[in-house]
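Taking the hints into account, I'd like the entire structure generated from these sequences.
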Amino acid sequence: MAEIIVSREFEGMKIQRFIKRLYPSLPISLIYRIIRKGKVRVNRKKVEHNFVVKEGDSVILHLPPDMLTLAAGDEGGSDSNYVISKEDIIFENEDFIAINKPAGLAVHGGEGHKEDVLLGAIKRYLNFNESQLRFPPTPVHRLDIDTSGVLIFAKNYDFLRGFNEIQRGQKIYKEYVALVSGRSDRREFVIELPVIRRDRPGGLSTEKVGKTIVKPVAVSEKFAAELKAFSLLRVIIRTGRTHQIRSHLMQKGLPIVGDRLYGDKEVNRWALKRLNLKRQFLHSAIMRFSLNGGEYELTAPMPYDLRDVLLNLDINFTLLLWRRYEGFLQGYYR
Numbered sequence: 003m004a005e006i007i008v009s010r011e012f013e014g015m016k017i018q019r020f021i022k023r024l025y026p027s028l029p030i031s032l033i034y035r036i037i038r039k040g041k042v043r044v045n046r047k048k049v050e051h052n053f054v055v056k057e058g059d060s061v062i063l064h065l066p067p068d069m070l071t072l073a074a075g076d077e078g079g080s081d082s083n084y085v086i087s088k089e090d091i092i093f094e095n096e097d098f099i100a101i102n103k104p105a106g107l108a109v110h111g112g113e114g115h116k117e118d119v120l121l122g123a124i125k126r127y128l129n130f131n132e133s134q135l136r137f138p139p140t141p142v143h144r145l146d147i148d149t150s151g152v153l154i155f156a157k158n159y160d161f162l163r164g165f166n167e168i169q170r171g172q173k174i175y176k177e178y179v180a181l182v183s184g185r186s187d188r189r190e191f192v193i194e195l196p197v198i199r200r201d202r203p204g205g206l207s208t209e210k211v212g213k214t215i216v217k218p219v220a221v222s223e224k225f226a227a228e229l230k231a232f233s234l235l236r237v238i239i240r241t242g243r244t245h246q247i248r249s250h251l252m253q254k255g256l257p258i259v260g261d262r263l264y265g266d267k268e269v270n271r272w273a274l275k276r277l278n279l280k281r282q283f284l285h286s287a288i289m290r291f292s293l294n295g296g297e298y299e300l301t302a303p304m305p306y307d308l309r310d311v312l313l314n315l316d317i318n319f320t321l322l323l324w325r326r327y328e329g330f331l332q333g334y335y336r
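First residue of the sequence shown? That's 3 in our numbering, and the numbers climb one at a time after it.
Among these hints, one or two may not hold up.
Derived EDC-like pairs (lysine to aspartate or glutamate); straight-line CA-CA distance at most 16 Å [claimed, not checked]:
no.: 1; residue 1: Lys-56; residue 2: Glu-5
no.: 2; residue 1: Lys-56; residue 2: Glu-167
no.: 3; residue 1: Lys-254; residue 2: Glu-194
no.: 4; residue 1: Lys-22; residue 2: Glu-5
no.: 5; residue 1: Lys-275; residue 2: Asp-307
no.: 6; residue 1: Lys-254; residue 2: Asp-187
For the record, the hints were derived by calculation from the structure and aren't laboratory data.
Shown next as structure tokens:
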């Protein structure tokens, strides 16, 4: 038996898809069968295959431990050889673990992703397996696969529930660093627009309005004659809609460099060739929140691939040297 608490990123997902996300190696036919036979319970009640899970739901799977261990092992084994190192860990206590997520790693497998799976690596790091009757490590928020930076996994239900509450109340400060194509030398501006998503089947879809605060840091004119100017931005959000930053900056004519979905294709090809940028330039640098009597400020150092891009653009990193970025610049100078 295994019990899983549904986190915010899975809200609105049908139960069979939810199980498939957590256990990619389980055949979909088996998932339908165990649902039909009542071996899947949500909040201790039998459900149908079209049941939609909500944040905080308790999902219990009545399957043999060896089957669950095998399924979980595939997620963290054949699809993932990534190992969490001490350098990856930003902070850890009895309630949660925060890591500096590398780009190119999916939190969960499945849905066409063949990349490494972080959840499996976290489970191995914490010596967790599905046969244990304890709370499974659970991501409490999401980062796109090609975004690096602060990523938190809950170790217990109390922290997960509390984090979800402050997240719904928009009480979490999230600051990103983004490189965009185009000039943005205004002091500060706010984007309050619906989030237009390009990842939905059938084309564009429009989500709820999100609020994005943009603080320009520097402009590079080094390649302006050859292509265009580039701008380094600090981006602050509290709403955290899926693809919010990427969509909002695209709508303002400042697409993130390297973004395959919302970016400028010509700029992306140029950046790959001239700057060796192989993914979107978006990094979750700081997350700050208060919970259960503790105050946390989690800072993720910038990866080498992004730092090297800024060096090639002659962007002065000392412009980011304010107090909160001391940890962010850790290890910058080799």
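Problem - Numbered hints the structure breaks, given as an ascending list - result: Violated hints: none; all satisfied.
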